[in-house]
Amino acid sequence: MATNGKADTSSEEETETIISTAIETGESRDRGPTESPRTVVTARDLDVYYGQERALDGVDIEIPENRVTAIIGPSGCGKSTFLRCINRMNDGIDACRVDGELRFHGTDVYDQGIDPVALRRKIGMVFQKPNPFPKSIYDNVAYGLRVQGRAGEVDLDAAVERALRSAALWDEVKDQLDSSGLDLSGGQQQRLCIARAIAPDPEVILMDEPASALDPIATAKVEDLIDDLAEEYTVVIVTHNMQQAARISDRTAVFLTGGELVEFDDTAKVFENPDHDRVEDYITGKFG
Amino acid sequence: MSRNDYQQQLERLREDVLEMSDVVCLRLRKALEALETKDEALAEDVITGDHEINELYLELEGDCIDLLALQQPVAGDLRFIAASFKIITDLERIADLATNLGKYTRWADRDRYPDIDIRHIGTETVDMLEAAMAAYASDDVDAAYDVAAKDERIDDLCERASEVVVRDLLETEAVIAPDDALLDDVERMLLTIRDLERVGDHAVNIAARTLYMVENDDELIF
Chain X
1 MATNGKADTS
11 SEEETETIIS
21 TAIETGESRD
31 RGPTESPRTV
41 VTARDLDVYY
51 GQERALDGVD
61 IEIPENRVTA
71 IIGPSGCGKS
81 TFLRCINRMN
91 DGIDACRVDG
101 ELRFHGTDVY
111 DQGIDPVALR
121 RKIGMVFQKP
131 NPFPKSIYDN
141 VAYGLRVQGR
151 AGEVDLDAAV
161 ERALRSAALW
171 DEVKDQLDSS
181 GLDLSGGQQQ
191 RLCIARAIAP
201 DPEVILMDEP
211 ASALDPIATA
221 KVEDLIDDLA
231 EEYTVVIVTH
241 NMQQAARISD
251 RTAVFLTGGE
261 LVEFDDTAKV
271 FENPDHDRVE
281 DYITGKFG
Chain D
1 MSRNDYQQQL
11 ERLREDVLEM
21 SDVVCLRLRK
31 ALEALETKDE
41 ALAEDVITGD
51 HEINELYLEL
61 EGDCIDLLAL
71 QQPVAGDLRF
81 IAASFKIITD
91 LERIADLATN
101 LGKYTRWADR
111 DRYPDIDIRH
121 IGTETVDMLE
131 AAMAAYASDD
141 VDAAYDVAAK
151 DERIDDLCER
161 ASEVVVRDLL
171 ETEAVIAPDD
181 ALLDDVERML
191 LTIRDLERVG
201 DHAVNIAART
211 LYMVENDDEL
221 IF
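Protein chains in written order, with the UniProt record's numbering: chain X, 1 to 288; chain D, 1 to 222.
Please note that a few of the clues may not be correct.
What the hints assert, rightly or not - Okay, derived cross-link-like pairs now, DSS-like style, lysine-lysine, Cα gap no bigger than 27 Å in a straight line:
1) X:Lys221 to X:Lys286
2) D:Lys86 to X:Lys269
3) D:Lys86 to X:Lys286
4) D:Lys38 to D:Lys86
5) X:Lys174 to X:Lys135
6) X:Lys122 to X:Lys269
Read the hints as simulated data drawn from the structure, not as lab findings.
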């Protein structure tokens with residue numbers, strides 16, 4: 001396992017081939033409603049250290065496909081660290097060291113043959129604060145495809161429209177695609193960022209508190225959007241808002257202090273009858 | 001509201017539900033006493049006092065709704081509030097049944113059926129209700145199961161009592177030549193037995209909600 005992402009030497013094409021093969025050799029994506037979803041991301045005994053400090057402690061988890069998985073826990077419990085491990089966003093941190101296994105469709109995410117840029121094409125990310133580029137709405141959404149050199153391969157206009165429709169923003173911005181993304185409201189900016197994340201057609205969308213900076217109406221729109229996105233994508237969302245996790249997720253993972261994943265189960269089970277007293281104490285506000 | 005206040009509100013809810021059950025049990029015992037002694041004044045006291053139970057019920061219902069809306073409880077807290085919400089409904093209906101018993105005092109002649117020990121059936125039923133509330137008070141799962149098991153005995157007692165009434169009716173040939181007084185007695189006695197049996201069913205509901213509250217187990221519900 002690589003200590004961080006800086007050592008990789010492979011090309012995007014190689015990574016693309018490795019990941020695509022892994023996806024294609026998996027089970028069919030078509031499944032009935034009662035069938036168990038297949039696993040997209042698997043962690044086994046995953047430890048993450050920042051220098052001497054352990055941020056994640058032996059995490060085992062299987063993230064199901066086309067489901068919303070919420071990650072909750074107190075500040076400093078490692079939930080964002082785990083999220084950022086999935087598409088190697090921690091690679092830029094020199095002191096960060098990853099031990100154990102983290103697999104995307106069975107492929108070791110930290111294998112030297114994996115190019116993180118290509119990985120992030122399959123596993124996109126949306127951040128806490130809306131961060132559109134100081135470009136037009138159109139260019140914001142097209143950015144990922146252009147950077148990946150795919151602007152010539154795809155019908156860019158169609159791809160932008162599709163992404164904006166998927167992000168439930170098309171009807172609000174279709175007549176102002178040349179306007180700056182920064183002119184949109186906070187909630188619209190966050191949906192623009194979601195459109196930007198899904199334009200390259202990823203498989204997984206990671207969201208790090210995507211609605212924490214939004215008012216209740218914009219939050220409701222993003223939550224509705226997350227629910228819709230799960231039909232096409234696998235969504236993993238970190239949130240401090242437990243009611244939000246309860247509302248929008250299918251599965252909930254509870255991390256507690258020390259970077260330990262204490263409970264991972266169906267969301268209704270976690271919020272109605274958790275197995276662990278420590279989880280009960282945390283979600284009922286008796287923690288600490 | 002601080003988390004400490006929230007915990008105190010939860011504890012207060014439990015105390016208030018228990019207080020409501022104390023009042024309901026007292027009303028039930030009074031109704032049984034009125035039936036036994038044909039004390040119409042005591043029966044009237046039960047009947048006119050029912051609005052107090054209704055007001056208490058509405059107050060506690062409001063407390064539950066406030067806790068749900070403002071605290072958005074989860075896990076054990078959620079189950080406790082949900083169970084309490086259901087239990088106060090059972091208690092309110094038991095109070096209605098006590099009111100029914102009070103009304104029967106005025107209209108029925110208990111002496112017609114010396115073989116039916118309404119006091120005994122009633123006392124067993126109230127004891128069962130108190131046991132269910134004790135299980136709720138102390139999160140006692142075993143006691144909740146005991147209440148459910150005891151209901152079979154109440155059902156047997158009620159079934160046998162009903163048989164006595166029906167047999168008596170047939171044997172007196174009142175079917176052929178009924179008089180109003182007899183029909184009143186038959187109807188009121190059967191309703192008395194049915195209402196006591198229903199009190200037992202509500203006690204089982206309370207035990208079932210207690211089991212759900214403590215262990216998230218819906219085995220006793222229905």
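Here's how the hints hold up against the structure:
1. X:Lys221 to X:Lys286: Answer violated: Lys221 of chain X to Lys286 of chain X is near 31 Å, above 27 Å.
2. D:Lys86 to X:Lys269: holds, 21 Å
3. D:Lys86 to X:Lys286: With Cα atoms ~25 Å apart, Lys86 of chain D and Lys286 of chain X stay inside 27 Å; holds.
4. D:Lys38 to D:Lys86: violated, 33 Å
5. X:Lys174 to X:Lys135: At roughly 16 Å apart (the allowed maximum being 27 Å), Lys135 of chain X and Lys174 of chain X satisfy the hint.
6. X:Lys122 to X:Lys269: Cα-Cα ~30 Å, so violated.
Hint compliance for this structure: hints 1, 4 and 6 are not met, and every other hint is.
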